[in-house]
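Mind docking chain X on chain P? Use the hints.
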Amino acid sequence: MPAISMTVNGQKVCGEVEGRTLLVEFLRDKLGLTGTHVGCDTSQCGACVVHVDGKAVKSCTALAMACEGAQVTTIEGLAKNGKLHQMQEAFREHHGLQCGFCTPGMIMAAVDIVKRKGKKLDDETIRHELEGNICRCTGYHNIVAAVKAGAEAM
Amino acid sequence: MENFAYHRPAKVADAVKAMKKAKDGKFLSGGHTLIPALKQGLANPTDLIDLSGLNKGGVKVGAKSVTVSAGTAHADVAADKGLKKAIPGVAILAGGIGDPHVRHRGTIGGSVANNDPAADYPSACLALGATIHTSERKIPAEKFFTGMFSTALKSSEVITAVEFPIPKKSGYAKFPNPASLYAMVGVFVAQMGDGSVRVAVTGAGPGVFRVPEMEAALAKNFSAKSLEGLSVKSKGLNSDMHASAEYRAHLIGVMARRAVTAAK
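Each protein sequence line maps, in turn, to chains P and X. Here the first sequence stands for residues 0 to 153, numbered as in numbering that gives the first Met the number 0. Here the second sequence stands for residues 0 to 263, numbered as in numbering that gives the first Met the number 0.
Treat the hints with care, as some may be off.
[Unchecked claim] Over the 10 Å line for every Cβ pair with chain X, so calculated as not near, a few chain P residues:
#, residue
1, T60
2, M64
3, H140
4, N141
[Claimed, not checked] Listed next, with one range per pair, are the computed distances between beta-carbon atoms:
#, chain 1, residue 1, chain 2, residue 2, range
5, P, G9, X, S154, 48 to 54 Å
6, P, K11, X, K137, 39 to 45 Å
7, X, K22, P, Q10, 36 to 42 Å
8, X, G235, P, H140, 39 to 45 Å
9, X, K137, P, H94, 54 to 60 Å
10, P, H94, X, P205, 36 to 42 Å
11, X, N220, P, G68, 42 to 48 Å
12, X, K219, P, Q70, 30 to 36 Å
13, P, A78, X, K80, 54 to 60 Å
14, X, K224, P, G68, 50 to 56 Å
15, P, Q70, X, E212, 48 to 54 Å
16, P, K114, X, K84, 23 to 29 Å
17, X, A4, P, G68, 38 to 44 Å
18, X, G57, P, A78, 32 to 38 Å
[What the hints assert, rightly or not] Okay, the calculated bits of chain X under chain P, using three or more residues with CB under 8 Å as the criterion:
#, stretch
19, 97-107
20, 135-148
Hints listed in this document are in silico derivations from the structure and should not be mistaken for laboratory results. Each residue gets a CB set at the ideal place from its N, CA and C atoms; glycine is no exception.
Isolated chain P, as found in the complex (with noise of 0.2 Å):
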């Protein structure tokens, strides 16, 4: 089997995969990473997304072959020092979440719009920015009102 090596929240990994294994399969199965979640598997809920040099990707529509090399960042990397990140600690506080399935890719999607829109979100553009990420519990309500929180706070 082919070798591939990135790194993985500051750590460099290696592992020898398939050509056919995903970004996602390769985090979860070989990592032990289960914090990102494979809800759709077909690119659209946004579940599995996370941060490949920088950018906001779903994982489940990623071969792990070709982030050979990557800076990859997960859920499990954005808390510091046994502290939750800024839009960790704003989902817990304004209950952006019900069953928290979809959250660790709410998080990351919306740690990437900051990075791309800046700490002053309004509701519209959280929502539309939000478009890739499904969540069937809370109604969007609570998590905008995290975004735009946790946004401010970082």
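What follows is chain X alone, placed relative to chain P:
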């Protein structure tokens, strides 16, 4: 998903070579159509030749045309300041494909090569009279899109860039399917320097097509008002659970008027 041999060449010539050597090879760009197709077993290649290792290049704005390197992601096309100024319609189109995560990964070359009947880019290519640059030749858009999911590309031919002539004005409007965000109907309108107008429609038929009646009306007077009363026949248009052919025919008129109003 069936397994395959994975290749990631660094040069176009090596990509072509790898494809010629493969028993049943496929090129992979951003993968946002091909990987779902592989998962469903709709494609089972022996070899996957990933083009993401090729020199990306990005967007080059010239005096008369804008050349977008094939591997440029939709987000980078949408954000390019020079392109936004030269051909606003293309920037709007790229910024409306899928969602932010899809736009970070999906590429113009992949979209054009796949020629999905509901993809956005083919409409811009046809309306602007783009030229598709490949590893072998330059193909005008009129000859490139040959039907549903089919193009003039040979099996081992790689798209290297898409060159758009700079128009006087351009605009794009689409009615997206709310779930897939693909175009149920998308209309790209371009007014060229010589006053001629081209209107290209995606999502409505088996492939991208032009609407000569609308082009003639807009060449006389480039305003949404000129399109009033003009309709497109529903015969031959797509009909599915999301929209009937009649509904799509109606949407073509609505989107064309919006595209003209938005044109800059």
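Status of the hints after comparison with the structure:
| no. | hint | in the structure |
| --- | --- | --- |
| 1 | T60 | 5 Å, violated |
| 2 | M64 | 5 Å, violated |
| 3 | H140 | 19 Å, holds |
| 4 | N141 | 20 Å, holds |
| 5 | G9(P) - S154(X): 48 to 54 Å | 42 Å, violated |
| 6 | K11(P) - K137(X): 39 to 45 Å | 43 Å, holds |
| 7 | K22(X) - Q10(P): 36 to 42 Å | 38 Å, holds |
| 8 | G235(X) - H140(P): 39 to 45 Å | 44 Å, holds |
| 9 | K137(X) - H94(P): 54 to 60 Å | 56 Å, holds |
| 10 | H94(P) - P205(X): 36 to 42 Å | 48 Å, violated |
| 11 | N220(X) - G68(P): 42 to 48 Å | 55 Å, violated |
| 12 | K219(X) - Q70(P): 30 to 36 Å | 55 Å, violated |
| 13 | A78(P) - K80(X): 54 to 60 Å | 36 Å, violated |
| 14 | K224(X) - G68(P): 50 to 56 Å | 55 Å, holds |
| 15 | Q70(P) - E212(X): 48 to 54 Å | 52 Å, holds |
| 16 | K114(P) - K84(X): 23 to 29 Å | 24 Å, holds |
| 17 | A4(X) - G68(P): 38 to 44 Å | 20 Å, violated |
| 18 | G57(X) - A78(P): 32 to 38 Å | 35 Å, holds |
| 19 | 97-107 | holds (count 7) |
| 20 | 135-148 | violated (count 0) |
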